[in-house]
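With chain A held as given, fit chains B and C onto it using these hints.
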Amino acid sequence: MNSTEATTTSTVRDAAAARPRWQVLLIRPETMTLALLIGAIIVASNLSPFFSDLGFILESSTYYIEYALVALVLTLVIISGEIDLSPAAMMALSACVFAWCYQAGVPIELSMAASLVAGILMGLVNGILVIRFQLPSIIVTIGTLTLYRGLAQVLAGDRSIGKFPKWFNGIDYRLVFDVPVPVILFIVASIVLALVLGTTVVGRQIYQIGTSEVAARHAGIRVRRIKTGLFVLMGIVSSIAGLLTASRLASVRYDMATGGELQMVLMVMLGGTYIFGGRGTILGTFLASWLLVIIATGMTVANIAVTSQLIVMGLLLIVSIIATNAIYARTQR
Amino acid sequence: MNAVSNLLGTLFQRREAGIVVMIVLLVAAVGIIQPRFLSLETLRIVMLAIPLIMIAAMGQMMVLVARHVDLSIGSILGFSAIVAGMMFRDLPDWPVLVGVLVAVALGGALGLLNGLLVTIFKLPSIIVTLGTLSLYRGFVFLVSNSRQVDPQFIPKSLIQMSQTSPFIGIPWIVIIAFIVALLTYFFLDHTRLGRQIYAMGSNPVAAPLRGIRVVPVTLLVFTISGALAGLTGVIYASRFGYVNPGITGVGFEFTVIAAVVIGGVSINGGVGTVLGTVLGVILLGTVNVALPILGVSAFWQDAIYGTVIIVALLIDRSVRQRGIKALSGARSNA
Amino acid sequence: MFKKTLLAGLALSVAMISGVALAQDKVSIVYIPKNTGNPYFDSLVQGFVDACAELGCDFTTAAPATAEATSQIPFITAQTQRGVDVIAISPNSPDAMNQVLDRAREKGVLVLAVNGDLVDNYEHRDAAILPVDFTKTGPGQVELLGSMIGYEGEIAILSATTDAPDQNTWIAAMENSLATDPKYAKMNLVAKVYGDDEPQKSTTEAEALLQTYPNLKGIISPTTVGVAAAAQVIQSAGKAETVKLTGLGTPNQMRPFVKDGTVQAFQLWSPYNEGWLAAHFAVGLKNGTISNEVGSTFEVPNLGSITIGEHNVMNTQAELTTFDAANIDEFNF
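Protein chains in written order, with this note's numbering: chain A, 1 to 333; chain B, 1001 to 1334; chain C, 2001 to 2333.
Isolated chain A (complex conformation) (with noise of 0.2 Å):
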């Protein structure tokens, strides 16, 4: 095991005053993600009378809510010490193989299969640049990105595709108790990968590779496999929420999602996600996506001009990390 570092550290912890319970629990990234959140809630509803409705909110969170499940895996890749900018790019590059494919005839179901096989091998394609030719991950998927949205445009053209059956639009306006599908999809999804990345063996290892990689070799974890397979997971993610994207807005075209990857950054920076990998958890990203959800949605009904709105968004990510990295200073070092 990371023996000496382990040792270090915890000899460190031991000579300061232990700090009480209620601060361990308390200070903690999420928290302040979820006092965000209550306030801009609270903001929000005082900003305009039309705020305050569960049908409108769960209704607007549907466009937003394909990025926050991949942020959810982009949680895990960021934490094993890597990024992935890609994503947006995947998504419209499988969503315009789905819908190719179906226009040429194939079957639905397994247009969407081609759709998914399109995922793993742009995932894999990442993963190997990355893993096996030690490029770094930041400039390998600003490359990829951009291969990806040609590539969608070399594959759709210039149209936007659509006329798929009924059954497949509107994924979004299909209610399970009063909730849209992809929200539940996003909401079991999060469960899953909290599990995961909480009370697994790997999700121990993610956080392990993340905080020094050199240790995790040593230790005997397979740093490349785990990392290729987050990879790919990102991926298969992206596919889906490309899928649902799709069914939503009942067509394709190459440009969806462009630009999503911003936004996806967004979410795990602001669910206090340690930038330089090995601490965060996927409970911040879900707290920071509705946080997005409420600040967008909330500020487009109050008709407030999108000027201001980048400036919100901008501040909110340079005071969360500042306040992300006060908190780990204070409560891990």
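Simulated from the structure, these hints should not be mistaken for laboratory data.
Glycine included, every Cβ here is placed at the ideal spot set by N, Cα and C.
Fair warning: there could be bad hints in the mix.
Straight-line alpha carbon distances no greater than 27 Å define the calculated DSSO-like cross-link-like pairs of lysine-lysine that follow [as the list claims (entries may be wrong)]: (1) K2217/C / K2259/C; (2) K2107/C / K2183/C; (3) K2136/C / K2192/C; (4) K2217/C / K2136/C; (5) K2107/C / K1156/B; (6) K2239/C / K2286/C; (7) K2239/C / K2259/C; (8) K2259/C / K2286/C; (9) K163/A / K2107/C; (10) K1156/B / K2186/C; (11) K166/A / K2107/C; (12) K2136/C / K2186/C.
Every beta carbon over 12 Å from chain A, so not counted as near; a handful from chain B, in silico [what the hints assert, rightly or not]: (13) L1043; (14) V1046; (15) D1093; (16) P1166; (17) T1307.
Quick look at chains B and C alone, frame taken from chain A:
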């Protein structure tokens, strides 16, 4: 023998060799398919495609060498351009140079703010500048009241910087870009401060021990990056003849980072040369010009663009690995 | 079962009451342009503002930051939630908004497409206000360029994105005129290129046109960004004498090029009148003085008699306005 393998080692290590090969191959290939490409007119178009990316790339390169990144340059560019444009529009009697200086100063100030956030709060620059990317774009809309500065208000003398030339047909803005590159080269390679940026980037922990004052140097690097992005904003107004709050500079950071990385600057800090960056910018500019001249369907352009970035990364890696092998071979001989 | 009917009945009566209440209120109109900071739409908004000042309707405008296909969707949902009577929209996509527009219409919102239509998806909006009969735009542009180059020589088209529906309609009509009208027999369309409505890309494409086709006599660029970029390129290259340029542009954008002779003439229409007509139509429809049926006519101050044409489309003017050195200073938009 020893000297020869040493020389080979350093030559292979030179990232620049790989880019030159790529540029030559590209020009040759395009020239075979479309002979018209090999003309002076093409050279002029490539030259005009370069300055915007080159000036900003010099700043970005310094930031990367210092082991940071600046994603906000597109928004800084937009902010400087729109403020300069509004000055040209609302204060037509003021000299153009004042507008240029204001743009550079504002860019520098926004860059400094990035640097302050990074140093005071010890934050990762990628996230800080992701935030200011959004924040500064908000400022662009705010100061301009979401209104574009129309072509009629951009001074003719500024526009002519892209159209007229002091000698042998090289437009002014290209000369400005190369002067910026030369100054950057001089600064990075021939001043103590410049060397300190490399030292700081290759080993930030050891930097203070070597007497490098990390905070001021970091602030300086971000300020220069911002100021150069501000200068790029004015060049933008010169080249395109108007400034739009929602268009000017959007997505520019990706192009610049791609050019810098193709030029062999390492995202891990401490590595990178001005020559490599200039070549990276020229390669990217040539690709940009070659695709439409080849008549490549617009659909294919992004896919090719992405492939070039990835191929450049892979070539970079293999060149460097061979360089390391050659070097270690030389060492074991000795 | 009974409970459900009762609830439905209750909901219906509430809806009726609020419907009556709304009818007595001022008609509230919201206009959603393609994106913010686009000078073209400033003038269109002014048309709405002036009309509402006269007619006594409530008017607001809300625009997304980018003109990406889905960026208007949250705005449509939010405005529906705000309970506006009329949503006027310049759509960023001909089909991605179908479902959310249907939802708005189910809730009693009148949906008008302004300045661009939901091509082939007409059933998802109530009516469309277009500046001119779009079938005439293409031939009008060909004729204007033809008159500049003596109806002879190689010509090229620089368009917006490959999938811009309006531009593609016009280009198809241009190709049709060139192929069928003997007057244009000697005009040879050699290239169609796309600048994506980005200044940088439009510039590169225009430069490549001059480079690739040394005998090029004329360029048509039916998009405001493209025509301005092409003008700048021709001015830069000093080729105003040999390559004639025309297209659709705004007077403010084109003024310096017309004044220095780079461009002899270009065309457009009045965006202001589109806003003016849309507001009059919406208020008239809500007050019951206008019926939204194909073939019916109504009077609008300053515009005269307007007829609702096929697919419930109405036009503000019959022919394109041509701007040249003689009249350009009469316009400011």
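We went through each hint and held it up to the structure:
The suggested pairing of K2217/C with K2259/C holds, with an alpha-carbon distance near 21 Å, which does not exceed 27 Å. For the hint linking K2107/C to K2183/C, the alpha-carbon distance of about 52 Å lies beyond 27 Å, and the restraint is violated. As the CA atoms of K2136/C and K2192/C are separated by approximately 19 Å, the hinted pair is consistent with the 27 Å bound. Between K2217/C and K2136/C, the direct Cα distance comes to roughly 23 Å. Compliance with the 27 Å bound is thereby established for this hinted pair.
Our distance criterion of 27 Å between C-alpha atoms is broken by K2107/C and K1156/B, whose separation comes to about 53 Å. Proposed proximity of K2239/C and K2286/C is contradicted: the alpha carbons are some 53 Å apart, above 27 Å. For the hint linking K2239/C to K2259/C, the alpha-carbon distance of about 16 Å falls within 27 Å, and the restraint holds. Distance restraint check for K2259/C and K2286/C: the Cα-Cα separation of roughly 45 Å exceeds the 27 Å cut-off, and the hinted pair is therefore not satisfied.
Simply put, K163/A and K2107/C have alpha-carbon atoms about 24 Å apart, close enough for the 27 Å limit, and the pair holds. For a cut-off of 27 Å, the pair hint linking K1156/B to K2186/C is broken: about 37 Å separates their Cα positions. Restraint check for K166/A and K2107/C: satisfied, since their Cα atoms lie roughly 22 Å apart, inside the 27 Å limit. Pair hint K2136/C plus K2186/C holds up; C-alpha atoms about 21 Å apart against a cutoff of 27 Å.
Taking the minimum C-beta to C-beta distance to chain A, about 26 Å, the non-interface status of L1043/B holds against the 12 Å cut. A cut-off of 12 Å between C-beta atoms confirms that V1046/B is not in contact with chain A; the least separation is 20 Å. Once the 12 Å rule is applied to beta carbons, D1093/B is consistent with being away from chain A; the minimum gap is 30 Å. With a least CB separation of 36 Å from chain A, P1166/B remains clear of the 12 Å interface cut-off, as annotated.
The beta carbon of T1307/B sits about 6 Å from the closest Cβ of chain A, which is not more than 12 Å, so the claim that it is off the interface is violated.
Of the numbered hints stated above, those contradicted by the structure are hints 2, 5, 6, 8, 10, 17, listed in ascending order.
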